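Asker: Given next are the chains, with one letter for each unit.
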Amino acid sequence: MPDDSSLATLRAAIDAVAPPVEGRPDAPPEGVERHVVHQIELYLPGFTDMLAALLDAFAADVRPGAGFAELSREERGEVFRLMAAEESQDIREAVDALFVFTLGGVYSESAAPPGQRPAVWDRVGYAGPSFGHPDYRTGA
Amino acid sequence: MDAPDVIVIGAGGGGPVAAKELAERGLKVLLLEAGPWFDPSKDFTRLEHDMSALMDGRFRWGPADRSRPPWNRRREGVNIILQTAGVGGSTLHYNGISPRAFVPSVDAKWPLAYPDLVPWYERVEEFLPVTLVRDLAPKDALFAEGCEAVGLRRSEERDVSEPVWRPCHNAILPIADMTTGTDLEGPAVEGCTMCGHCIQGCPNPIAAPVERKAKRATNVSYVPAAVATGNCEVVPNAFATAILFEHPAGSAKPARARGVRWRDTATGEVHEAEARVVVMAGGSIENPRLWLNSGLPNAHDAVGRRLTTHLQDVVTGFFDREIHPDVGQVTMARADFPGYGTIFAQGYGPQAFSVVTSGVGAGSWDRPDPDEPWDTQGRFWGEEAQRRNGEYRRSLSAVLSTNDESHPDNRVTLADDWPADEHGPVPKVIYHATPASQERQTWLARTAVEILCAAGARTTHRTNVVQTVLMTHIMGTMRMGNDPATSVIDASCEAHEVERLYVVDTSVLPGVGGANPTLTAQALSARTAGIVADRHFG
Numbered sequence: 008m009p010d011d012s013s014l015a016t017l018r019a020a021i022d023a024v025a026p027p028v029e030g031r032p033d034a035p036p037e038g039v040e041r042h043v044v045h046q047i048e049l050y051l052p053g054f055t056d057m058l059a060a061l062l063d064a065f066a067a068d069v070r071p072g073a074g075f076a077e078l079s080r081e082e083r084g085e086v087f088r089l090m091a092a093e094e095s096q097d098i099r100e101a102v103d104a105l106f107v108f109t110l111g112g113v114y115s116e117s118a119a120p121p122g123q124r125p126a127v128w129d130r131v132g133y134a135g136p137s138f139g140h141p142d143y144r145t146g147a
Numbered sequence: 043m044d045a046p047d048v049i050v051i052g053a054g055g056g057g058p059v060a061a062k063e064l065a066e067r068g069l070k071v072l073l074l075e076a077g078p079w080f081d082p083s084k085d086f087t088r089l090e091h092d093m094s095a096l097m098d099g100r101f102r103w104g105p106a107d108r109s110r111p112p113w114n115r116r117r118e119g120v121n122i123i124l125q126t127a128g129v130g131g132s133t134l135h136y137n138g139i140s141p142r143a144f145v146p147s148v149d150a151k152w153p154l155a156y157p158d159l160v161p162w163y164e165r166v167e168e169f170l171p172v173t174l175v176r177d178l179a180p181k182d183a184l185f186a187e188g189c190e191a192v193g194l195r196r197s198e199e200r201d202v203s204e205p206v207w208r209p210c211h212n213a214i215l216p217i218a219d220m221t222t223g224t225d226l227e228g229p230a231v232e233g234c235t236m237c238g239h240c241i242q243g244c245p246n247p248i249a250a251p252v253e254r255k256a257k258r259a260t261n262v263s264y265v266p267a268a269v270a271t272g273n274c275e276v277v278p279n280a281f282a283t284a285i286l287f288e289h290p291a292g293s294a295k296p297a298r299a300r301g302v303r304w305r306d307t308a309t310g311e312v313h314e315a316e317a318r319v320v321v322m323a324g325g326s327i328e329n330p331r332l333w334l335n336s337g338l339p340n341a342h343d344a345v346g347r348r349l350t351t352h353l354q355d356v357v358t359g360f361f362d363r364e365i366h367p368d369v370g371q372v373t374m375a376r377a378d379f380p381g382y383g384t385i386f387a388q389g390y391g392p393q394a395f396s397v398v399t400s401g402v403g404a405g406s407w408d409r410p411d412p413d414e415p416w417d418t419q420g421r422f423w424g425e426e427a428q429r430r431n432g433e434y435r436r437s438l439s440a441v442l443s444t445n446d447e448s449h450p451d452n453r454v455t456l457a458d459d460w461p462a463d464e465h466g467p468v469p470k471v472i473y474h475a476t477p478a479s480q481e482r483q484t485w486l487a488r489t490a491v492e493i494l495c496a497a498g499a500r501t502t503h504r505t506n507v508v509q510t511v512l513m514t515h516i517m518g519t520m521r522m523g524n525d526p527a528t529s530v531i532d533a534s535c536e537a538h539e540v541e542r543l544y545v546v547d548t549s550v551l552p553g554v555g556g557a558n559p560t561l562t563a564q565a566l567s568a569r570t571a572g573i574v575a576d577r578h579f580g
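As they're listed, the protein sequences go chains G and R.
When we follow this note's numbering, the leftmost residue of the first sequence carries the number 8, and every step to the right adds one.
When we follow this note's numbering, the leftmost residue of the second sequence carries the number 43, and every step to the right adds one.
FYI, nobody ran anything at the bench for these hints, they're computed from the structure.
Note that the coordinates shown come from a computational prediction; the quantities given were computed from them, not determined experimentally.
Each residue gets a CB set at the ideal place from its N, CA and C atoms; glycine is no exception.
Mixed in with the good hints there might be a few duds.
A few chain R residues that face chain G, going by a derived Cβ cut-off under 10 Å, partial list only [to be verified]: (1) 81; (2) 85; (3) 87; (4) 112; (5) 120; (6) 171; (7) 173; (8) 203; (9) 223; (10) 237; (11) 412.
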């Protein structure tokens, strides 16, 4: 299980990738965090701690002396930019994993309470699982 | 099964075709599959994460027990590998798009001429069936408008040699006869209900029996037909770990296949079976891994080389009206450019959409390239990204499938710098797009922007998959050819160096030009089954 400081860093990263829109979260933050940690740990056990350490290391390049969780959203975005431009495939993949798993938690059913329709589907206009669309020409 | 005549390794797109063709000829076939055997009506929930998540979705590359990690690969230059373990393999998540290879791509690179393939295409197209879509969903109709506006000619031909746009030939049953109020959960519905869930496995029509599900993945088409002969046994959760072979005296080849060893992924039990012929159909990554882990001869170091993947990318247009990307078959219209590749309309659920428009790609949305026609590229984040993702319903995505250049250094080998797993040394997948492939991909991206803008797109975004290579159409590592120095199998799909060992999936393809490769692999599989039956069983 990742340690608490790693989880705080991860929470700050998720918030920078997919913050609430007009103050309203698209998915329960605790559900997204649980989703991301589960996916990352299946990918590589212990990777949450490694990802947090990487984010903190690059945070120092954006604001010397600061940890990632202390940065503003804009500064956290700069960290993503730096990591995504790295030569190292492992570092670029760390950013990819963070983004793909965060978006997976926010936009799929995974982070929503069991059996409940994710709120974000209404914001983006997704009908959800369907048996078919008889009036497909009109999109109905 | 006691004493099978033929063992087929892999129940994905290619293996079940050979299994059915051989079983219908009266041969006893053992069909091994590394993943589980799903019940579409019960298991295919149509939920994006539950079905498609890379780590724990049902369609991942991993064991049936989803609390266990997926099976690992060492990757270099490759980020995401979309491959499915399960009866049906990658046809479980494919769109059902079933074009033939571009004529010039076959005639330029294959040890066969295109006309030699046509009867086998026809055989598969008739059985599945592969049919021309007779109507378009809104997203595909809009894509077609854009194609017409840039001067592309409409074609309904299956054989393509010049630029055209086409309504797709899909391995999907014709659109169901539906009107407002049709009971889509009732037994009277037959055909495609336009539900938009092709990628999540197609459980519809929900009341239909397995063999009448709309999308013709092999789990609902070739596998049931093979089993119905009474001559084919399917063993799911059976991961092949070795091909058994001997060194025959007096043979022109240094080895002869005689059987297969596999491991039950649930219990860990190891089994072996012998047969007169072994057919490999485990895909372009696992085939070379299995070959090398078995210690089969590889005198020219040709096994695993010349990996191609169509270097896919996505360009998305945003419009002022609703496009309904979740309605209809996922892809119903395409534009083909022999020499460069293909662009096809693509429907997404919101999770996949958010990933391709903001989750991956080189560069970032706030640093556009002024020399290129797309407005933004690469990764998005923050509130602006989520607002953009909120335009899901007014978006049309176009997938680029590049005619990527074959190169011997792009390859699958064994990872000597990575831990082995329960099935032996793991594969190392190495892919770096050549300059020619990148140029073709960029050409397709510019053309996609032209099409989308001609259709009325207000803005366009390129995912820009250059460093983040997403592998879907994985091909070429067991390449067919006449020269053993540059190929693994001959024109009959038998291994140059191993008697009675055949390969029948996309790993044999020397190139299809950017067209989706499944149908071509299936046509070759049907052809190979006939050769095997005639050559070894009289």
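Asker: Look at each hint and say if it fits the structure.
Answerer: Status of the hints after comparison with the structure:
1. 81: Violated, about 17 Å.
2. 85: Because about 13 Å separates residue 85 of chain R from the closest Cβ in chain G, which is outside the 10 Å limit, the hint is violated.
3. 87: holds (7 Å)
4. 112: holds (7 Å)
5. 120: At 9 Å from the nearest chain G Cβ, residue 120 of chain R passes the 10 Å test, so the hint holds.
6. 171: violated (20 Å)
7. 173: Given a least distance of 17 Å, the restraint on residue 173 of chain R is violated.
8. 203: Where the cut-off is 10 Å and the nearest Cβ of chain G is about 32 Å from residue 203 of chain R, the hint is violated.
9. 223: holds (7 Å)
10. 237: holds (5 Å)
11. 412: Status violated, d = 19 Å.
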